[in-house]
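Turn these sequences into a full structure, and let the hints steer you where they fit.
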Amino acid sequence: MLSSATFVRGKPAHDPPLSSRLFPSQNTTKSKFYLHFASMDYSKNSSCLGASAIVFLLLTGALYHFVWSPSRSNPFFPYQGSNCPQSNSSTVIDELESALEEASMPNKTVIIAVVNKAYAEQSADAETTTMLDLFLESFWLGEDTRRLLDHLLLVAIDQTAYDRCKFKRLHCYRLVMDGDDLGGEKVYMTQEFLKMTWRRTFLLLDVLKRGYNFIFTDTDVMWLRNPFTKLSPDETLDLQFSVDSFNGDTRPEHNFINTGFYYIRSNKKTISLFEKWYAQKDNSTGKKEQDVLQELMHGGLFGKMDLRVRLLETKHFSGFCQDSRDVGEVITVHANCCRHIKAKSGDLTAVLRDWKQFKAAVAQHPEVAGNITRGFRWSNHTGCWNSWKD
1 MLSSATFVRG KPAHDPPLSS RLFPSQNTTK SKFYLHFASM DYSKNSSCLG ASAIVFLLLT
61 GALYHFVWSP SRSNPFFPYQ GSNCPQSNSS TVIDELESAL EEASMPNKTV IIAVVNKAYA
121 EQSADAETTT MLDLFLESFW LGEDTRRLLD HLLLVAIDQT AYDRCKFKRL HCYRLVMDGD
181 DLGGEKVYMT QEFLKMTWRR TFLLLDVLKR GYNFIFTDTD VMWLRNPFTK LSPDETLDLQ
241 FSVDSFNGDT RPEHNFINTG FYYIRSNKKT ISLFEKWYAQ KDNSTGKKEQ DVLQELMHGG
301 LFGKMDLRVR LLETKHFSGF CQDSRDVGEV ITVHANCCRH IKAKSGDLTA VLRDWKQFKA
361 AVAQHPEVAG NITRGFRWSN HTGCWNSWKD
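Going by UniProt numbering, the first residue of the sequence shown is number 1, and it counts up by one from there.
These aren't lab readings, by the way, just hints derived from the structure by calculation. Predicted model only: the values in this text are computed from it and were never measured. Treat the hints loosely; a few may be bogus.
Claimed, not checked - DSSO-like mimics (lysine-lysine), calculated; alpha carbons at most 30 Å apart, straight line:
1) Lys356 - Lys168
2) Lys108 - Lys195
3) Lys195 - Lys304
Claimed, not checked - With beta-carbon atoms standing in for the labels, derived distance ranges:
4) Leu301 - Glu192: 23 to 29 Å
5) Asp144 - Glu97: 26 to 32 Å
6) Ala363 - Ala279: 48 to 54 Å
7) Leu301 - Gly211: 22 to 28 Å
C-beta atoms are modelled at their ideal positions from N, C-alpha and C, and glycine is treated no differently.
In structure tokens, the structure reads:
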């Protein structure tokens, strides 16, 4: 049996109401009337809503312009808009860190040298090449030293030296020296010389604090062989110092160290040493930084700080104060015990000439290389000896 909701052949089971069947037109008329009335009511409401929306938008726009306008005359927000400084998206670059990263070996070791205009630029009346050119030439002529240039960071203390460094495509860092002109020759022990050495010490302290080990080398040091072959790889050693002359005693307190060439590891002890060393700057009138460190060492500071120090024998790390007697073992030659750049340049030119002649002789007569080595003698350092007479 079908329910009341059942459709039969598409029609409802019950007929439509009687009224709809008897008065179909009346029902339709009423429907049209109601629809017309509803339409009129909707139109009125739509008109009211549209007008309200327009008024709301106008008020909102006016309020926004009044309150948030960047105009300087806005009394509510006088520091908005154009009064606010524009943000600068540029990032401050740590140029020293960038230079160290570029020059560093995988174990965070770099080679550092400091140069100024007097060492980098040749004067019009100069008879010899620049100190910087001699320094770089030694890397070219040395044994297993060319690749070390990739790890050399040249610190320039004036713009001329920096430009020269960049021209040679080296790793370069421009050290600002408080606006002073330190480009000229700094004669040994003059006030400008002392100031430059102390500023250098402060820079090297900064390098240690950044976690870098380094070889510091003066540019008047000729690199004839790779020094890492004679430097101890023992990581418990804090410092390895060159000396002016070696007396056979390996204790640092009984020798005179030379800060023109040394190897140092970055750790808490070495950072503390450099801090104590630099702190003596203002209490060391007339003394170079090397002398101050020497006094601290002889006063027992190294022992108190439990620093492990190794001295580098002049057989390998030599200088004009004490020549190496074995050209077959020599690593570096330092123009120490010399006062002027001109004297150093002339005598170091002779050193490189001697080295080239030695290498050529051994290459031509390898069968008597031992005799050539034993018979080798360095040229006299006449220019440097005479520099002390000025």
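Verification of the supplied hints:
{"no.": "1", "hint": "Lys356 - Lys168", "verdict": "holds, 23 Å"}
{"no.": "2", "hint": "Lys108 - Lys195", "verdict": "holds, 28 Å"}
{"no.": "3", "hint": "Lys195 - Lys304", "verdict": "holds, 28 Å"}
{"no.": "4", "hint": "Leu301 - Glu192: 23 to 29 Å", "verdict": "holds, 28 Å"}
{"no.": "5", "hint": "Asp144 - Glu97: 26 to 32 Å", "verdict": "holds, 29 Å"}
{"no.": "6", "hint": "Ala363 - Ala279: 48 to 54 Å", "verdict": "holds, 52 Å"}
{"no.": "7", "hint": "Leu301 - Gly211: 22 to 28 Å", "verdict": "holds, 23 Å"}
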